[in-house]
Amino acid sequence: MDILQALLNGFGVALEPFNLLLVVLGCLVGTLIGVLPGIGPISGVALLVPLTFALKMPPESALILLAGIYYGAMYGGSTTSILLNIPGETSSVVTAIDGNKLAKQGQAGPALAMAAWGSFIAGTLSVVGLMTLGPLLAQWAIRFGPAEYFALMVFGFSTLSALAGKNLFKALIATGFGLMLATVGQDPQSGISRYTFGFLQLEDGMDFLVVAIGLFAVSEVLMLLEEKTPGAVRAQVGRIYLSFKDFMGSLFTILRSSVLGFLIGVLPGAGASIASFVAYTTEKRLLGSKARFGEGDLRGVAAPESANNAAAGGAMIPLLTLGLPGSGTTAIMLGALMSLGVTPGPQMFQKHPEVVWGLIASMYVGNAVLLLLNLPLVGLFVRLLAVPAWFLVPAVLAISFIGVYAVNNNPFDLFLMAVFGLVGYLMRKLEFPLAPVLLGLVLGYLMEINLRRAMTISNGDVGYLFSSPIAVGLWVLAGLSLLAPVLVARFRKQGLGGDEEL
Amino acid sequence: MTDRIVGILILFLALGYALEASRMQVGFLSDPLGPRPFPYIIAILVGLSALWLIFKPDPNPTWPPPRFWPVLGLVLLSLVAYAYLVVPLGFILTTTLEMTLLSVLFGARWWQGLLGALAFTLAVYFLFTEGLGVTLPVGRIFG
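Top to bottom, those sequences are chains A and B. Heads up: the first sequence runs through residues 1 to 502, numbered per the numbering used here. Heads up: the second sequence runs through residues 1 to 143, numbered per the numbering used here.
These are computed hints drawn from the structure, not numbers from a lab. Note that this is a predicted model, so its numbers are computed, not measured. Take the hints with a grain of salt, since some may be wrong.
Example chain B residues on the side facing chain A (calculated, C-beta under 7 Å, incomplete) [said to hold, decoys possible]: (1) 46; (2) 49; (3) 52; (4) 79; (5) 102; (6) 108.
Calculated Cβ distances over 12 Å to all of chain B for the following chain A residues [to be verified]: (7) 4; (8) 5; (9) 128; (10) 256; (11) 364; (12) 376.
In the DSBU-like style, the derived pairs of lysine-lysine whose C-alpha atoms are separated by at most 35 Å in a straight line are [said to hold, decoys possible]: (13) A/104 to A/290; (14) B/56 to A/429; (15) A/429 to A/104; (16) A/104 to A/245; (17) B/56 to A/166; (18) A/56 to A/351.
C-beta: ideal position from N, C-alpha, C; glycine also.
Using the sequences provided together with the hints, build the complete structure.
Structure (structure tokens):
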């Protein structure tokens, strides 16, 4: 059994003391980011990437840390949703519906425990899925040529644009803006400078971390400044327990939502937020009058929490096997890996098995860490919300300065960060989604390179892009995905009737 | 209405972007496609989407009250000033000042903000430089 042997080696990597420490650290920091409203997982991951560079971490350790933050945040977001009706992340918005009702009925303990168990089971299942599906997809994708890759990226962009925001055209503009940023700097093939406007600092291109921190972290600070969040909040947690009866009653919901969430996570563009939303509405319709969704049903917590964790695992599949990130967070992971000299893609399973299998094994470990460590610590995390905003928000900004400066030791990047902070603020106000910008920036280079390689092979014949069945299939899928907003809109109407942001 | 204005601005951005691409000088040593067509494709994508936005705008966003704009301007200005001053004045001084300013804007008293900012800045400075080996500017004025 090749896979078992590979997984065993992966555990060898994940259980090295340093990596084990990173898993625990990643889960803790991630939970913290998830708990604190205003700091999203994308900012969190972006702020910690420079640290992995500074510590000269090997790629597998860097990825283990970043992935820990990613699913730690998924997990932490549920805590404040349940206790305070403040979703820490968009993926936990749905959790607040039943979770907070339960908390008001004095059932916060069972709700928190349900979120933890749901996340644990879903996380474990999704890792099994990743382990079995990943190598298969990688074997299939290994035959991809430049034409297929170009079509694949078009597919990735179209699904993300279709699902990222409320307005498809705003998402397309955001994607295009990201691609524009990707063309800044020296042209990879002819060597001429493009869009540098005489700035020497731009010759090497826009650094994705500077853009990410400006666009997400700084604009979040500006949004908080506008909202003037009321500072300290306190919450009662109570004893955290889950009766066996409640657990069994929700088991099938957890299993169904895990599978659903995983499949949605694999699809590029449809991340954890959509997974949690779809799982909730599906369970609500499936259980019908047998459940009291919306009035405080534990299954209303189990469904979205299982789904969003499973989606986080599923999102690793296109990232690792195709090099195609499906969300802002995974786009940053891709950028970080490329900066560390590892280009994710089908060859990665052969060329860097320690990265792939080390990550998979660390996700097993991370799920256990979250369950064992975080449940007893919920009270502590919630107490952090008592830290006043006037201290917390400037502190986030100070960390952003360090993160941006550490990338190139160049103050010009701080100036760029401020510019992107303003751009991000305006985009948020005008309801342009931000994640497509990052995806465009990170993938733009590969997209152009593959297009030009394809044209070099075919000597300029555009038909070559549509010459293989796989490529044609991907083009068709890309076209179909642009119809997805219609479907999502229908789901939204049937589900909540509101315009919850996904 | 806001979306219409934004759409027009984006349309100009796309046009400018394409125009800049058309001015690129390409040598003999290039691939069949060259550096121009990819930007053209992007410009078309963005331009057409902007046109759609002009014809079918979303409802206007809720803008913050007018008194927020000077605050936003002040913060952005301070961020730009930070970028220029961090090397000459050093990380500790500039970051403390920037954090204090923000703390006050978030409703802290100035001495509260200053103390919090100074403590946090010193803590992260030594954590990152001594503990994690990140180089941060000491400040030219300090030697």
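Each hint tested on the structure:
1. The beta carbon of residue 46 of chain B comes within 4 Å of a beta carbon in chain A, closer than 7 Å, and the hint placing it at the interface holds.
2. Look at residue 49 of chain B: its Cβ gets to within about 4 Å of chain A, closer than 7 Å, so that hint holds up.
3. A distance limit of 7 Å between C-beta atoms decides the matter here; for residue 52 of chain B the minimum to chain A is near 5 Å, and the interface restraint holds.
4. Evaluation of the residue 79 of chain B hint against chain A yields a held restraint, the C-beta minimum of about 4 Å falling below 7 Å.
5. Nearest Cβ of chain A to the Cβ of residue 102 of chain B: about 4 Å, under the 7 Å cut. The hint holds.
6. For residue 108 of chain B, the interface hint holds, since its Cβ comes within 7 Å of a Cβ in chain A; the closest pair sits about 4 Å apart.
7. With 12 Å as the threshold on Cβ separation, the claim that residue 4 of chain A sits away from chain B holds: the shortest Cβ distance comes to roughly 37 Å.
8. With a closest Cβ-Cβ approach of about 36 Å to chain B, residue 5 of chain A is found to remain outside the 12 Å limit, as its non-interface label requires.
9. Annotated as non-interface, residue 128 of chain A keeps its C-beta farther than 12 Å from every C-beta of chain B; the closest such distance is 36 Å.
10. Non-interface status of residue 256 of chain A relative to chain B is upheld: no Cβ of that chain comes within 12 Å, the nearest being about 35 Å off.
11. Every C-beta of chain B lies more than 12 Å from that of residue 364 of chain A, the closest at about 28 Å, which supports listing it as non-interface.
12. Listed as a non-interface residue, residue 376 of chain A keeps its Cβ farther than 12 Å from every Cβ of chain B; the least gap is roughly 26 Å.
13. The hinted pair formed by residue 104 of chain A and residue 290 of chain A meets the criterion: a straight-line CA distance of about 22 Å does not exceed 35 Å.
14. This hinted pair checks out: residue 56 of chain B and residue 429 of chain A have alpha carbons roughly 18 Å apart, not beyond 35 Å.
15. Of the supplied pair hints, the one linking residue 429 of chain A and residue 104 of chain A holds, its CA atoms being roughly 32 Å apart against a limit of 35 Å.
16. Between residue 104 of chain A and residue 245 of chain A the alpha-carbon distance is near 21 Å, which keeps this suggested pair within the 35 Å criterion.
17. Under the criterion of a C-alpha separation no larger than 35 Å, the hint pairing residue 56 of chain B with residue 166 of chain A is consistent with the structure, at around 13 Å.
18. For the hint linking residue 56 of chain A to residue 351 of chain A, the alpha-carbon distance of about 20 Å falls within 35 Å, and the restraint holds.
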